[in-house]
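Peer 1: Sequence:
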Amino acid sequence: MNAKKISLAAAVLALAAAGSANAQTANHAVTYQVSAINQIAVTGSPSLTVSTATAGSAANAVTDATSTWAVTTNAANKKLTAAINSDMPTGVTLEVNAAAPSGATSSSYQTLGTSAVDVVTGIATVNASGLLLTYRLSATLAAGVVSSASKTVTYTLVTGP
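Okay, so the sequence shown: first residue is 1 according to the working numbering, each after it adds one.
Hints in this document: simulated from the structure, not taken from any laboratory. Beta carbons are placed, not taken as given, at the ideal position from N, Cα and C, and that holds for glycine. Fair warning: there could be bad hints in the mix.
What follows is a set of in silico ranges between Cβ atoms, one per label pair, in the way DEER data are often shown [claimed, not checked]: (1) S86 to T43: 17 to 27 Å; (2) V30 to G130: 32 to 42 Å; (3) A70 to H28: 36 to 46 Å; (4) A124 to T49: 32 to 42 Å; (5) T114 to T43: 18 to 28 Å; (6) T66 to Q33: 23 to 33 Å; (7) S150 to A29: 53 to 63 Å; (8) T68 to A149: 21 to 31 Å; (9) G122 to Q24: 51 to 61 Å; (10) A61 to N85: 37 to 47 Å; (11) T90 to S35: 40 to 50 Å; (12) G44 to A124: 23 to 33 Å.
Full structure from sequences and hints, please.
Peer 2: What follows is the structure, given as structure tokens:
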């Protein structure tokens, strides 16, 4: 190596050493947290009318499978419950069957009343959408003719098996 190259290399090393001698560091404590996330949503406008029967048999139950629900939760051990805002007329039954997200279990058709019933259990850390809600309406002949009415179904994501 010639003297010029050695001098240049020595100068570069000297500058690097000088730069590191002047370097400093600082620490910064960052506080973080992930809160519980428990969100549900429903879509659709179900409509049910019992209007037919086979002669000699009870009225035919009807279903509506045009609604869906969605869930996002980062917690384990959740379940979906459902209840209606007031009792159904005598002889009229409203049921719901909520499809379960992966890893959870649907309770199949559950009769809706003013007390909450489990419709999906075993929900854990999932985000899923487009889960089918199927409503079924049935009426006994003793119900007679019932005028058009509506019920509000309240779905709640709660802690449970």
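Peer 1: Hint by hint, say whether it matches the structure.
Peer 2: Now for the hints, and whether the structure bears them out:
1. Checking the proposed 17 to 27 Å range against S86 and T43 shows it holds: the Cβ atoms sit about 23 Å from each other.
2. Between V30 and G130 the C-beta distance comes to about 37 Å, which sits within the given range of 32 to 42 Å.
3. Taking the beta carbon of each, A70 and H28 are about 38 Å apart, inside 36 to 46 Å as hinted.
4. Separated by about 38 Å at the C-beta atoms, A124 and T49 satisfy the suggested range of 32 to 42 Å.
5. For the pair T114 and T43, the supplied restraint of 18 to 28 Å holds, since their beta-carbon distance comes to about 24 Å.
6. At about 40 Å, the beta-carbon gap between T66 and Q33 misses the expected band of 23 to 33 Å.
7. The beta-carbon spacing between S150 and A29, approximately 55 Å, falls within the hinted interval of 53 to 63 Å.
8. Checked against the hint of 21 to 31 Å, the pair T68 and A149 passes, with Cβ atoms roughly 23 Å apart.
9. The supplied range of 51 to 61 Å is met by G122 and Q24, whose beta-carbon atoms lie about 54 Å from each other.
10. Between A61 and N85 the CB atoms are about 22 Å apart, so this pair departs from the stated range of 37 to 47 Å.
11. Checking the proposed 40 to 50 Å range against T90 and S35 shows it holds: the Cβ atoms sit about 45 Å from each other.
12. For G44 paired with A124, a C-beta distance near 25 Å keeps the hint of 23 to 33 Å intact.
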